[in-house]
Amino acid sequence: MAAPDRTGPAMAVAASGAASGDTIEPSVIARIMGLGSVFGKGLRDSRRGALIIGVLLGILVLITGSQISLEYNTAIERAALAAQMSGLPAVFQGMLGEPIRIETLGGFLSWRMFGFVPVMVGIWSIVALSGTLAGELARGSLDVLAGGPIGRRRLAIVKLGSHLVALAIAVLILAIATFITVVAFGTLPGDSLGIEAALGQAAWVFVATLVPGSVAFAVAPIVGRSSAIGVGALVLFVSFIVNGYGDLVPAFDAIRPLSYFDLTAGHRPLAGAWDWPALGLLAAIVAAVLAVGVVVFERRDLLVPSEGRQVVPRLDAWIMGPFTRSLGERLPAALAWGGALGLYGVVLATSADEFVAQLSQIPQVIEMIERFFPDADILSVGGFLQLAYFSEAIILVGLAAAFFVAGWASDEGERRIEMVMGAPVSRAEWAIRSSLGVMAAIAIMTLIIDLGIIVGARIQGEDGLGLALGVSVLGLYGMAVAGVGLAVGGLVRPGIAAVVVVSLTIGFYLLDLLGTILRLPDAIVGLSLNQHLGRPILGEFDGFGLVLCMALAFGGVALAALGMSRRDVGR
Amino acid sequence: MTAVIETRALTKRYGEHRGIDEVDLEVHEGEIFGFLGPNGAGKTTTIRVLLDLIRPTSGSAKVFGIETTVDPVAIRRRIGYLSGEFTLYDRLTGAETIDYFANLRGGVDRAYQGQLVERLDLDVSRRFREYSKGNKQKVGLVVALQHRPELLILDEPTAGLDPLVQQTFNALMFEAKAEGRTVFLSSHIISEIERVGDRAGIIREGRLVRVDSVAGLRDLSAHEVELRFPGPVPSAIFEAIEGVSNVSAEGHTLRMLVSGPIAPVVKAAAALELTDFISREPSLEEIFLSEYGREVASSREVVGGRS
Ligand SMILES: Nc1ncnc2c1ncn2[C@@H]1O[C@H](COP(=O)(O)OP(=O)(O)O)[C@@H](O)[C@H]1O
Ligand SMILES: [Mg+2]
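Keeping their order, the protein sequence lines are chains A and B.
Residue numbers in the first sequence follow my numbering, run continuously in steps of one, and reach 571 at the last position.
Residue numbers in the second sequence follow my numbering, run continuously in steps of one, and reach 1307 at the last position.
Simulated from the structure, these hints should not be mistaken for lab results.
Wrong hints could be hidden among the right ones.
Quick partial rundown of chain A residues pointing at chain B, CB under 7 Å, derived from the structure [claimed, not checked]:
{"id": "1", "residue": "A203"}
{"id": "2", "residue": "I319"}
{"id": "3", "residue": "E414"}
{"id": "4", "residue": "R416"}
{"id": "5", "residue": "E418"}
{"id": "6", "residue": "M419"}
{"id": "7", "residue": "A423"}
{"id": "8", "residue": "P424"}
{"id": "9", "residue": "S426"}
{"id": "10", "residue": "I517"}
{"id": "11", "residue": "R519"}
{"id": "12", "residue": "L520"}
{"id": "13", "residue": "G563"}
{"id": "14", "residue": "D568"}
From the three backbone atoms N, C-alpha and C, an ideal C-beta is built for every residue, glycine too.
Next up, chain A with everything else stripped away, as it sits in the complex:
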C-alpha cells in the first residue's frame, strides 16, 4: 500500500531520504489544514506566527519604502543619501555589507532593511525548529506520536515540512509587500523592478533564515532545546557579525568566507545583483543539515538514555529558595551568553588600534567623523567599541534577556509553580524572588562581558575600567527589557513574556537604525530605548535613560508581583 507522499512541495527541500510506509490517509485538505496529520497540526501551530511575521515585515517594508520615497523624492537627493551612506566607513553603516545601487528604492531596501531580515526571522526559525522535536521529546508527546503508525523519520520530515511551509508563507507575504512598495513608491527612473526581483530577494531570505534554524534542528535531539537555541543563535550572530565587521577586524576577515552572509553577499535581486549559484549552494547545505537532523532524530532513543550517567554533584547553593533556584536555572545560560559576548568584546577591543591607525590616515574620514561626533574622542578604543560593539551587542543582550525571561515564564507554563505554591510561599513573594533571579543572571552575564572588555583593553595597553563601566549600561538595558517582559508575564500570562522582550529589542533596534535615515520625528525615534543610553563607553552617560532603565527593571518586577497575586496561576 504505497500511497504517494502528499505532504507538500516544501518537503522537497528536506526530503533527502524519501518517506516510506503509508497507510490509508485522510483527505489532502484535512492533512494540510486540519488535524488530519502531523503536518497539518504543525502548520496550524506555526500558521499564526508565520502570518504575524510576514505581515509585520511587510508593513516595515511599506513604511521604509514610502518614507524613503517621500523624504528623498528627487534623483539628486537620493544620490546624496547614497553618497553619504556609502562614504561612511563600514563601522558607521551598521553591519549591512557593501552598499549596492542604494540610490534606487530597491537597492536601498535590500541593503538597509533586508540585510537584517534573516536575523529577525532567523530567531523565529531557531526557536521553532529547535522545538519541533526536542520540545515534543521533553513533553513526552513524541512517545505517543512515534508509537503510532507513523514512522519516526517520516514524523521528523513532516514536522519539518510544516515549518518550511509556514516560513514560505511569511516570506511570500514579504515578497508581495515588497513588490507593492516598489510599484507604489518607486517614483524615480531607476526604481522600477519586476516581481521576480522581489521573489528572488525573498528566496534569499528563506534560505538564509533557515541556516541557523537547520543547525538548531540538527543538534536539538542531542543537546536539548535550550542548548540548541544557543548553538543556532551563535551560528546566526557569528555569521552576521563576522560578515559585517570583516573589513575592520582582521580576525573576522580570516573566517569571513565561512559566513553564509558573505557567501550570498552577491545575491541582491532588489539591487539588480543576482547570484543563484551561491544561493543554490547555501540551499544545498541547508538541506543537508536538515537531513542530518532527521537522521539524528531517527537514530536517537526516544527517552534520554541514562546509561553511563555521571554522579551529579550537589548544588546546595541553588536550592535555597525561589531566588537562588531561579538564578541557578539561568546560570549556565548566563555564563554562555556572557562568555560569547565577552569574547566578541575581546576580539573587537584588540582590533581597535589597527582600525584607529587605518582611519587616522584618511583625513577626510576624520573630518567627517568629527562632524558626526563633534564632542567625542572617536579615535580611541572606546570610540571604536561604542560604534562597533555597543550598538550591535545590544540586540544580543536583549535576546539573552528574552531567553532568561522565557525560562522564568516556563515555571508557570510548564507547571513547576504548581508544586512550589504548595509550600508556604505567597505568589507575590515567588514573583519577586524569582524575577530578581532573572535580574541577577543578567548582572552576572554583564560582569563577564565587562571582564572580556577589560581583558581586550589591557591587551591594547589601556586601563579598561572606564570602558567596562560603559559596557555595563548594556546590562542595565537588558534588565529594562526583561522588566517589561516580566511585568507582562505577571499581569497577563507567562506565554507572551519572552515574545514581548524579543519584540521590544528588535523594535528598539530598528527604530534607532532606521529612524534617523527615514527622518522620522524625534518624538517617534525617541520611543526607542536605545536612543536614551548615551555613548557610555565614551563616558557619556544619559542620566534620564539610566533612571528609565532602572525604573523599567524594578517597576517590572513589582508589576510582575502585583499581576501574579491578582490573576489565576497556571491559566
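Got chain A sorted already, so can you dock chain B with the ligands onto it with the hints?
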C-alpha cells in the same frame, strides 16, 4: 467534628467554560476523604481553588477555617500538596528537588524524609528529567509528605505508580490517619478510594452529586438482579415492585436494577418457577457508572421529549 475543608456554593468558570458549579464540600478532621470523578469533572479545579492557585468565580472555600483567598500562605504552611499535573526542575536530582521543597518550609525531619524515600523505593541520585512518570510521581509524593502536614491534598496521587508502590502509598495514608491527620485525595479510580477512604464525594460535570461514607455509598446503590425462567418471562410482576427499574427481558432471562431493600424482589421471585437467581453487589466503580449513566439517560429523555 471540625471541618478541615469547607466550601460553600463554590463556583469556578473559565470564561465561558464550566469549571465547577456550586460545590458544597465538607472534609472532617482525621478522615480520608476520596474525591471521585471522571476526567474533566472538576477535581483539579476544586483542589486548585483550595491552594489559591485559582480564585473562585463565586462562593467560598475555607481550609482550617481560613478563607483561601485571604491567607493562602497560612494554609499552605499546614498542608502537603501533590499536583495532578506538574513538572519540576530538569537539571536537579531527586534529592536536590526534595531538599529544595524542604528548604521552602524551613527544613524538615531528615530521618522521616529518608524513610519516605526508602519506602517508596526512589533512587534520588538521578536528574529529574531522567525519571519515568512513576518516579516523578514518587518525588512529588515525598515533597508532599516529608513535613508531616496536618492536611494532605493529593490530586490523583497514584497515577503512574505500580501496584506494589500503591500498597506503600495506601499504608502511608493509613499512617497519616492514625496520627490524626486528614487526607483529601482525588481519583477517577473507585477501587483506590474503596481501599483507603472513609468517605467519598462524587463530582460530575462540575457538580458534587453525592457525598457519603464509602460503605454508605455501597448501601445506597442498586443491585443488579438477573432471573432465569424455564418458560415465558413475567416482566410485569417485577416492574410493579417499588425500587425496581431498567427491567429488560432477553429470551428466558430477566434483568433489573433494584435500589433499596432487595427483599420484595426475592419474595416475588420465590413464588415463581426459577432456574437461576443472581444478585450482584456492585463495586463502587459500578455505582459510579450507574450514577453517571442514569443522569446521561435522563438528560437524553428530556432532549428526546422536546423533539
Ligand atoms: N485552564 C482552563 N481553561 C479552561 N477550562 C478549563 C481549564 N482547566 C480546566 N478546565 C475545564 O474545567 C473542567 C474541569 O477540569 P478539571 O478540574 O481539570 O477536571 P478533573 O481534574 O476532574 O479531570 C473541564 O471541563 C476542563 O475542560
Ligand atoms: Mg485533574
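So, going through the hints one by one against the coordinates:
{"no.": "1", "hint": "A203", "in the structure": "39 Å, violated"}
{"no.": "2", "hint": "I319", "in the structure": "4 Å, holds"}
{"no.": "3", "hint": "E414", "in the structure": "5 Å, holds"}
{"no.": "4", "hint": "R416", "in the structure": "6 Å, holds"}
{"no.": "5", "hint": "E418", "in the structure": "4 Å, holds"}
{"no.": "6", "hint": "M419", "in the structure": "5 Å, holds"}
{"no.": "7", "hint": "A423", "in the structure": "4 Å, holds"}
{"no.": "8", "hint": "P424", "in the structure": "4 Å, holds"}
{"no.": "9", "hint": "S426", "in the structure": "5 Å, holds"}
{"no.": "10", "hint": "I517", "in the structure": "46 Å, violated"}
{"no.": "11", "hint": "R519", "in the structure": "46 Å, violated"}
{"no.": "12", "hint": "L520", "in the structure": "40 Å, violated"}
{"no.": "13", "hint": "G563", "in the structure": "14 Å, violated"}
{"no.": "14", "hint": "D568", "in the structure": "4 Å, holds"}
Hint violations for this structure: numbers 1, 10, 11, 12 and 13, all remaining hints satisfied.
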